[in-house]
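Asker: Now for the letters of each chain:
There are 2 protein chains.
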Amino acid sequence: MKMKNKFSVYIDSLQERITSDLEKLDGKSKFIKDNWEREKGGGGLTMILENGDVFEKAGVNVSKVYGNLPESMSKLLKVDQSHFFACGISLVLHPKNPMAPTFHANLRYFELYEHNVLKDRWFGGGLDLTPYYIFEEDIVHFHKSCKKVCDSYNESFYSKYKRKCDEYFWNSHRNEARGVGGLFFDYCRESNEMNIDNWFSFISDLGNSFLKSYVPIIKKRKDLDYNNSHEKWQQIRRGRYVEFNLLHDKGTLFGLKTNGRIESILISMPPKAQWVYDQTPSKGSEEEKLLNILKSPKKWT
Amino acid sequence: MKMKNKFSVYIDSLQERITSDLEKLDGKSKFIKDNWEREKGGGGLTMILENGDVFEKAGVNVSKVYGNLPESMSKLLKVDQSHFFACGISLVLHPKNPMAPTFHANLRYFELYEHNVLKDRWFGGGLDLTPYYIFEEDIVHFHKSCKKVCDSYNESFYSKYKRKCDEYFWNSHRNEARGVGGLFFDYCRESNEMNIDNWFSFISDLGNSFLKSYVPIIKKRKDLDYNNSHEKWQQIRRGRYVEFNLLHDKGTLFGLKTNGRIESILISMPPKAQWVYDQTPSKGSEEEKLLNILKSPKKWT
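Line order of the protein sequences matches chains L and G.
Letter 266 of the first sequence, counting from 1, is numbered 266 in my numbering, and no numbers are missing.
Letter 247 of the second sequence, counting from 1, is numbered 247 in my numbering, and no numbers are missing.
One chain only, chain L, in its complex shape (with noise of 0.2 Å):
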């Protein structure tokens, strides 16, 4: 089979095993499906659900689309005549209590044809966690998860892939992170060490170890006791989230530019959202033991 159609089929499969489980965790909200075409290529399937017991907003999206590549990316890829085919799943789960972590991951498959053939192939992805208050057992658990995936793969996969996902998700406006990192990787094209076979079955893997990373924290954390001061903590750290997604998150301002389908784009928004002027946690609390977490990147493991 191509590795289109065997990504293809397995992002299909990824979503189908993470909504179900989501669900079945919830037990109140329903996955929504969306299915939606991309007016010059493809299209894709988005599943939403919202107030659901354990999450406030869980959002799921497929899309396969192809095309001629928009003028700006072949200057950008050096590239004439080009046509592209890309595909990839990504979620983004914003639960209801605040001591529980939203959690975000995608995995992606780019082709890239110059005159109709194939130039240039490579997978993308990573998957990353945003606690609002501190449980460090969770945070080395999901960063555990992490590691054991790479590690069966090339022990320098972690540490490297760990240090760009610290980068990218640097709210460099406030001067600190969006969360506590986990994996992110770009470009990972065919090599020596690594054919096309053994990276979609890295990133495979790391697809079947989402909800192993994420799921026995939310499982702890979800019936916690909290108040509206953390309800409102939790909310203004998601305006941090926000600031992210639409001032330096590179596939939601590529998606926008490009005329992408808005409510996909979008759905990794928080379903709500503060802002405080100028607040400030009190020294010793808990919110302070975050903010002072996010401010330099960590090593979990």
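Rather than coming from a laboratory, the hints here were simulated on the basis of the structure.
Note that CB positions come from ideal geometry on N, CA and C, so glycine has one too.
Don't take every hint at face value.
[Stated by the list, open to error] Some chain G residues flagged as far from chain L (calculated, every beta-carbon gap over 12 Å):
hint, residue
1, SER74
2, ARG108
3, HIS173
4, VAL276
[To be verified] Not the full set, but computed from the structure, chain G residues with beta-carbon under 10 Å of chain L:
hint, residue
5, GLU50
6, LYS57
7, VAL242
8, ALA273
9, TRP275
Since chain L is already given, all that's left is putting chain G on it; use the hints.
Answerer: Below, chain G without anything else, positioned relative to chain L:
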């Protein structure tokens, strides 16, 4: 008196008058004063009122900054060995009642020096209204008030600056206006018709009209009944306000890229925002009426 001093004095007194009147109108919360300094020259006074009876968040900011021009801007303005002086007042008033519109305005003055010689100077600014529910008489009042000031200087100003405002506050990724417009102008330089004192006079007349344009509207709407669903709609629309400011607003992006003072730049953020997947108002609803009006700029006078 030099124009920069004259305008500085004016915006200080305008800030004083506006905050004093808004505080009386609110009746509950007071403005907090926050003096700040800019590392590379100048500073400002940010005044903020939160959680009032009338205003959920009202920010009035004055800044006076100077120094060497960032290289990117020197290139843009084609100057060498340059420095600048810039000062301005900006206000964003987010009322509590969803029946009352958000008001935004700013006035600014810029001086550009090359080799210590004044090379160019101009005024800019404007005011605009962002309603959540449509009361046509409010919008007509607002635009008439804008037109009145414009007409006493030049009969072409209103239509020209109204059009610029409609163009500027366009949420292109949503294909809709942020609000119902007002005035927007920039690079207002000396000419045969308007010398710099005439421009100062126009700008200050406009500043003096801010409260007359807005306060009658908020007085009419601040005590109207509303329910949770109106409030939810207000917060969804405030999500669009966030999107505009972080994706398209040149002032915000310039401020963030040049290490401006984050809290003063993002004072424009609404207190609360929501994102609901693919939210579509029902046929014939008041919410749909707003969306129809935002689809293309209307004539209001």
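Asker: Hint by hint, say whether it matches the structure.
Answerer: For each hint, the structure was consulted:
The non-interface label for SER74 of chain G is consistent with chain L: the shortest C-beta to C-beta separation is roughly 22 Å, beyond 12 Å. With a least CB separation of 21 Å from chain L, ARG108 of chain G remains clear of the 12 Å interface cut-off, as annotated. Taking the minimum C-beta to C-beta distance to chain L, about 4 Å, the non-interface status of HIS173 of chain G is violated against the 12 Å cut. The claim that VAL276 of chain G is not at the interface with chain L is violated, since a C-beta of that chain comes within 12 Å of its own (minimum 7 Å).
Hint status for GLU50 of chain G relative to chain L: holds, with the closest Cβ pair at about 6 Å, below 10 Å. This hint holds: LYS57 of chain G has a C-beta 8 Å from the nearest C-beta of chain L, less than the 10 Å allowed. Interface restraint check for VAL242 of chain G: the shortest CB-CB distance to chain L comes to about 6 Å, inside 10 Å, so the restraint holds. With its C-beta approaching chain L no nearer than about 5 Å, ALA273 of chain G sits inside the 10 Å limit, and its interface hint holds.
Checking TRP275 of chain G against chain L: minimum C-beta separation of about 4 Å stays under 10 Å; hint holds.
Violated hints, listed in ascending order, are 3, 4; each of the other numbered hints is respected by the structure.
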